[in-house]
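Chemist: The residues making up each chain are set out below.
Number of protein chains: 2
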Amino acid sequence: MAAVWPAPSIGRQVADKGAGSKLNGSPAERVCYNPTEPNLLTQMTVPRLATAQTGPVLSLEKQILDGMPRIEHWFRGQWQEHAAPFYASVDLRNSGFKLAPVDTNLFPGGFNNLNKEFLPQGVQAVMTAIEKVCPDARGFLVIPENHTRNIYYLQNVAALQNILQLAGVKVRIGSLLPEIAAPTALDLPDGKKLVLEPLVRRGNRLGLADFDPCTILLNNDLSAGVPDILKNLEQPVIPPLYAGWSTRLKSNHFAAFKEVAEEFAGLLGIDPWLINPYFATCGEINFQEHVGEECLAGWVDHILTQTRAKYREYGIQYEPFVIVKADAGTYGLGIMTVKDASEVQGLSRKQRNKMAVVKEGLQVSNVMVQEGVYTFETVNDGVAEPVIYMIDHFVVGGFYRVHTQRGVDQNLNAPGMHFEPLAFEDSCSLPDLDGNPDCAPNRFYAYGVVARLALLASAMELERMEAALEQQSFPQARAANT
Amino acid sequence: MAAVWPAPSIGRQVADKGAGSKLNGSPAERVCYNPTEPNLLTQMTVPRLATAQTGPVLSLEKQILDGMPRIEHWFRGQWQEHAAPFYASVDLRNSGFKLAPVDTNLFPGGFNNLNKEFLPQGVQAVMTAIEKVCPDARGFLVIPENHTRNIYYLQNVAALQNILQLAGVKVRIGSLLPEIAAPTALDLPDGKKLVLEPLVRRGNRLGLADFDPCTILLNNDLSAGVPDILKNLEQPVIPPLYAGWSTRLKSNHFAAFKEVAEEFAGLLGIDPWLINPYFATCGEINFQEHVGEECLAGWVDHILTQTRAKYREYGIQYEPFVIVKADAGTYGLGIMTVKDASEVQGLSRKQRNKMAVVKEGLQVSNVMVQEGVYTFETVNDGVAEPVIYMIDHFVVGGFYRVHTQRGVDQNLNAPGMHFEPLAFEDSCSLPDLDGNPDCAPNRFYAYGVVARLALLASAMELERMEAALEQQSFPQARAANT
Chain R
0 MAAVWPAPSI GRQVADKGAG SKLNGSPAER VCYNPTEPNL LTQMTVPRLA TAQTGPVLSL
60 EKQILDGMPR IEHWFRGQWQ EHAAPFYASV DLRNSGFKLA PVDTNLFPGG FNNLNKEFLP
120 QGVQAVMTAI EKVCPDARGF LVIPENHTRN IYYLQNVAAL QNILQLAGVK VRIGSLLPEI
180 AAPTALDLPD GKKLVLEPLV RRGNRLGLAD FDPCTILLNN DLSAGVPDIL KNLEQPVIPP
240 LYAGWSTRLK SNHFAAFKEV AEEFAGLLGI DPWLINPYFA TCGEINFQEH VGEECLAGWV
300 DHILTQTRAK YREYGIQYEP FVIVKADAGT YGLGIMTVKD ASEVQGLSRK QRNKMAVVKE
360 GLQVSNVMVQ EGVYTFETVN DGVAEPVIYM IDHFVVGGFY RVHTQRGVDQ NLNAPGMHFE
420 PLAFEDSCSL PDLDGNPDCA PNRFYAYGVV ARLALLASAM ELERMEAALE QQSFPQARAA
480 NT
Chain G
0 MAAVWPAPSI GRQVADKGAG SKLNGSPAER VCYNPTEPNL LTQMTVPRLA TAQTGPVLSL
60 EKQILDGMPR IEHWFRGQWQ EHAAPFYASV DLRNSGFKLA PVDTNLFPGG FNNLNKEFLP
120 QGVQAVMTAI EKVCPDARGF LVIPENHTRN IYYLQNVAAL QNILQLAGVK VRIGSLLPEI
180 AAPTALDLPD GKKLVLEPLV RRGNRLGLAD FDPCTILLNN DLSAGVPDIL KNLEQPVIPP
240 LYAGWSTRLK SNHFAAFKEV AEEFAGLLGI DPWLINPYFA TCGEINFQEH VGEECLAGWV
300 DHILTQTRAK YREYGIQYEP FVIVKADAGT YGLGIMTVKD ASEVQGLSRK QRNKMAVVKE
360 GLQVSNVMVQ EGVYTFETVN DGVAEPVIYM IDHFVVGGFY RVHTQRGVDQ NLNAPGMHFE
420 PLAFEDSCSL PDLDGNPDCA PNRFYAYGVV ARLALLASAM ELERMEAALE QQSFPQARAA
480 NT
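So the protein lines, in turn, are chains R and G. Counting in numbering that gives the first Met the number 0, the first sequence runs from 0 upward without gaps. Counting in numbering that gives the first Met the number 0, the second sequence runs from 0 upward without gaps.
Possibly wrong hints are sitting among the right ones.
When chains are identical, the list treats them as one kind, so a pair holds in a single copy or across two.
What the hints assert, rightly or not - The calculated SDA-like cross-link candidates involving lysine to any residue, where the alpha carbons are at most 25 angstroms apart (straight line), are:
id, residue 1, residue 2
1, 169, 269
2, 131, 79
3, 131, 78
4, 169, 77
5, 131, 459
6, 131, 77
7, 169, 267
8, 349, 416
9, 131, 462
Derived by calculation from the structure, the hints in this document are not laboratory data.
Start from the sequences, fold in the hints, and give me the full structure.
Modeler: Structural data, given as structure tokens:
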């Protein structure tokens with residue numbers, strides 16, 4: 000289904016439309032915050048970003064801009080208390096009425112998609128990160144995913160290697176693949192080569208035949224579990240092994256995000272729902288054997304009911320939906336868009352197969368039900384969602400994930416997607432405080448703020464995992480904001 | 000005298016030209032490091048930088064590039080031990096055979112000249128600086144120079160204010176001028192306004208009538224001394240008051256730089272002279288009354304002799320010169336180019352007047368004699384020298400100071416200079432490690448490294464001033480590397 004704005008199916012008309020219509024522009028209008036204009040929603044010119052972006056923008060963006068000094072002061076305090084992950088990417092969805100993270104990746108794989116102009120910021124952020132984490136580091140060993148035929152992923156690894164090298168560290172790539180028995184140069188489209196080398200473990204140190212790195216940097220999300228060769232290393236492993244998908248749960252992340260969002264919303268005096276999707280979890284699901292379907296249906300209904308109430312409160316005339324996805328895992332497998340609880344009962348064999356297994360054969364048993372956030376951004380003819388990249392606690396770039404074959408209520412991280420690396424003409428850290436008509440920078444500042452909230456949630460999530468590990472009770476933590 | 004390369008007067012032919020000719024390309028050749036080419040000096044294409052830059056580049060640049068991981072590792076260690084000043088700019092001179100700092104400004108006044116593309120790096124660096132210096136800061140009060148009619152300087156203040164605001168702090172400008180008795184909006188060429196406001200002191204806190212800032216940021220070099228209103232404040236003052244020209248001495252800076260340069264040169268295995276100009280100081284000079292001329296002539300001769308020996312060692316066929324300047328002060332007043340000791344004896348009345356007083360009437364009594372470094376860079380028809388801007392320990396931009404009416408052996412910081420803000424197309428932090436033919440980024444990386452060495456020297460200089468102040472023995476420190 001190729002659905003682009005204004006295609007989303009409109010649900011029932013909301014009764015108290017007048018009272019709740021905080022959004023009162025036509026959704027086809029292009030709107031932005033303009034401080035000289037007293038109304039919250041004012042016209043904006045086409046952002047330099049070459050999109051057909053049309054969603055109404057809530058006062059959220061205005062409040063984020065107005066609150067900038069308070070926000071940055073608050074972030075400074077947070078980063079004094081919580082150590083940001085070395086790097087992360089956050090998928091956002093912007094429905095105009097809501098701007099929220101829907102996934103936070105601690106092993107980001109799209110550095111090749113960042114605008115080249117962001118490179119200096121990335122290098123500077125890596126310098127800061129290294130100073131904090133391992134100031135004495137001279138050499139990094141990067142452990143990538145095992146996708147030796149995915150040219151895009153290989154370009155990501157090369158881009159990451161380049162950023163690290165430009166920050167002044169020696170960087171080599173060690174592969175977990177047994178077939179990499181000797182240094183193997185893979186050709187990249189730009190004519191350069193990426194050299195994968197066989198890992199060599201000596202006692203509790205990991206390296207290459209002629210390379211003893213100070214630090215191991217994982218760009219592998221460990222969906223298949225933690226390989227023995229990575230266990231009990233004396234070198235620091237960044238991010239920590241427990242950040243991998245064999246132990247990490249999305250629900251722990253969003254439980255932390257709920258706390259962050261509530262504190263942040265308190266700071267700005269806004270409804271936390273504007274940045275935080277509802278969610279719930281179901282354990283012990285077995286799609287193949289129809290085990291747990293009723294529990295799942297119950298939570299789907301609960302989240303839809305909560306969302307419907309919020310849509311009514313704000314006079315939003317769209318049909319609520321939820322996303323059902325594995326609580327552990329990535330790569331857009333095992334993700335369903337659901338608009339009614341009945342849809343998760345009596346799933347077809349094809350649907351069950353799709354949901355039952357995610358990347359690298361990891362079985363789905365814990366499932367997360369998350370309020371769906373429409374994305375009303377489009378790039379050319381594709382539905383688009385912004386992806387924000389961070390190193391340490393700095394936004395270092397972003398791009399749009401675009402899918403021309405998906406709808407505004409669907410997961411875009413799926414085969415057929417592409418990236419618009421040039422989309423962010425302006426840095427996310429540079430709002431135009433004078434609010435000139437081309438306000439793309441302002442929108443991107445808001446994106447950077449919400450992405451950093453998700454990053455902060457990850458910092459807290461990882462702290463708690465570490466604490467739980469120390470108490471041997473890991474990974475029992477479960478949470479929901481229902 | 001409008002002198003551009005290859006106009007510098009060539010002194011005597013050096014006897015052992017063959018033995019010492021580490022520089023053996025024609026100076027008119029355009030050269031750069033290319034790792035695939037075994038010779039140190041290889042051809043490069045025209046840098047994107049639109050200059051007629053032609054100087055021969057010594058192996059220094061190659062060694063800096065090759066040493067990058069060692070250099071960055073070393074810097075990381077240094078910044079663990081020494082706190083970088085909040086901001087600084089460094090004037091460099093690049094003669095091809097030598098790349099050295101000649102002035103380090105702790106109250107940089109050219110933020111308006113930076114390429115707009117550097118802004119995100121500047122903002123990120125300010126964020127880091129604030130986190131270190133005053134993480135709880137919400138409001139900064141900037142104290143600028145008293146140049147209300149210098150539109151360029153006002154633009155600098157506006158640019159600085161913008162960077163700070165983008166980092167999320169409230170920034171207002173408080174003027175030391177008594178005539179600023181009420182908020183005064185000054186028009187800027189871009190249509191914006193800079194608002195200067197009268198300072199209000201309440202007890203030991205400095206602010207504005209309706210603004211109680213957390214931090215005072217000086218963009219005033221205190222040449223006229225420390226005003227009472229700035230003394231004994233309970234708020235942090237950045238940079239510290241003792242960094243002003245009423246107490247700071249260039250010779251203390253270059254004494255620290257000598258140590259830094261020697262350690263760095265040891266790291267790379269190079270002659271420290273390649274990055275460090277010889278210098279000496281004479282105290283108790285009174286130009287008007289011809290007091291101290293003999294002492295000065297003696298040091299001039301000494302530095303010229305040392306420099307001549309180095310030129311001979313390296314087969315450099317130019318005439319050595321020294322720069323005689325006030326040990327305290329700025330703005331390019333009180334600066335002479337001298338090629339023979341006799342020139343500083345029997346100065347004309349005009350020359351004496353020029354040397355005797357620098358900015359804001361500060362009397363010259365301590366004089367520094369510094370080895371002159373030719374600048375063989377030109378931008379269009381003007382002699383050019385790079386100026387590198389740093390915030391915290393990050394390079395955040397740079398530009399060329401250009402003077403079409405000055406020679407390659409003269410101070411360019413003088414009336415008639417202009418700036419080429421677009422000169423640095425590439426960031427100083429991004430060398431092209433694959434050494435592609437357009438190697439402007441590589442040269443700029445080297446500039447960033449040498450500028451950071453000067454920054455490190457400033458960090459040490461300020462530490463020592465603080466220690467000396469605590470011992471009440473300040474500012475007695477004198478040093479020379481002779």
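Chemist: Each hint needs a verdict: does it hold in this structure or not?
Modeler: Against the structure, the hints:
| no. | hint | in the structure |
| --- | --- | --- |
| 1 | 169 <-> 269 | between (46 angstroms within a copy, 22 angstroms between copies) |
| 2 | 131 <-> 79 | both (12 angstroms within a copy, 10 angstroms between copies) |
| 3 | 131 <-> 78 | both (12 angstroms within a copy, 11 angstroms between copies) |
| 4 | 169 <-> 77 | between (31 angstroms within a copy, 19 angstroms between copies) |
| 5 | 131 <-> 459 | both (17 angstroms within a copy, 22 angstroms between copies) |
| 6 | 131 <-> 77 | both (16 angstroms within a copy, 14 angstroms between copies) |
| 7 | 169 <-> 267 | between (43 angstroms within a copy, 17 angstroms between copies) |
| 8 | 349 <-> 416 | within (22 angstroms within a copy, 73 angstroms between copies) |
| 9 | 131 <-> 462 | both (16 angstroms within a copy, 23 angstroms between copies) |
Violated hints: none; the structure is consistent with every hint.
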